[in-house]
Every structure is written in structure tokens, then in C-alpha cells.
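Participant: Sequence:
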Amino acid sequence: MGRLAGFAAGLREFYYAPYRRTLARAQRDEEDLFMMLVLSESLGVPNPASYYTLELLPVVFEHFHDWHRRMGMDRSPLDSISCC
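Under UniProt numbering, the residues of the sequence shown are numbered 1 to 84, in order.
Hints should not be assumed to be uniformly reliable.
[To be verified] Each pair of labels, with its calculated beta carbon distance range:
1) 63 - 3: 36 to 42 Å
2) 7 - 58: 40 to 46 Å
3) 50 - 9: 20 to 26 Å
4) 83 - 30: 17 to 23 Å
5) 2 - 46: 52 to 58 Å
The set of hints was computed from the structure by calculation and includes no laboratory data.
In this text the structure is predicted, and so the values were computed from the model without any measurement.
We treat Cβ as the ideally placed atom computed from N, Cα and C, and that holds for glycine.
Go ahead and model the full structure; you've got the sequences and the hints to work with.
Facilitator: Written out as C-alpha cells, the structure reads:
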């Protein structure tokens with residue numbers, strides 16, 4: 001069974017390796033859009049689903065610094081969050 005698992009892992013790597021960068025970029029773009037949707041009310045953009053996105057704020061705050069740096073903002077755009 002060990003050989004078969006090793007062979008399967010090798011095949012997975014063979015097919016996944018050429019697309020690793022593209023898939024990582026797509027995942028990062030999706031996460032950036034998600035952060036924008038969750039933080040839109042705080043950034044001044046009206047969000048009709050703000051009641052539901054408030055529950056997600058504690059999860060998003062962990063990645064907030066990386067997100068605002070990736071978006072090209074030197075400092076936090078929110079007055080209530082000062083991470084830099």
C-alpha cells in the first residue's frame with residue numbers, strides 16, 4: 001500500500017506543479033475579494049449583507065495586515081484597527 005500511495009502522491013505533484021502559482025494567485029484574489037466584502041461597511045461602501053458579515057470580522061482581523069499591505073495601503077484604512 002505504501003508504493004501505491006507514493007505513486008499517487010507523485011502523480012498529484014506531476015499534474016499540480018505547473019499550475020501551483022496560478023492556483024495560489026486565484027486563491028489570494030478570492031480571499032482579497034472576501035476581505036473587501038466583509039470590511040466594506042467599515043471602509044464606507046454600503047453593504048446590504050453587513051448584518052451577516054459582522055460575524056466574520058474576528059476571523060478576518062487575523063489577516064487584515066497582510067491584506068491592506070497587498071492592496072497597496074501603507075497604513076490601515078480603518079480608524080478602529082491600527083495594526084501598523
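Participant: Going back to the hint list, which numbers does this structure go against?
Facilitator: 3
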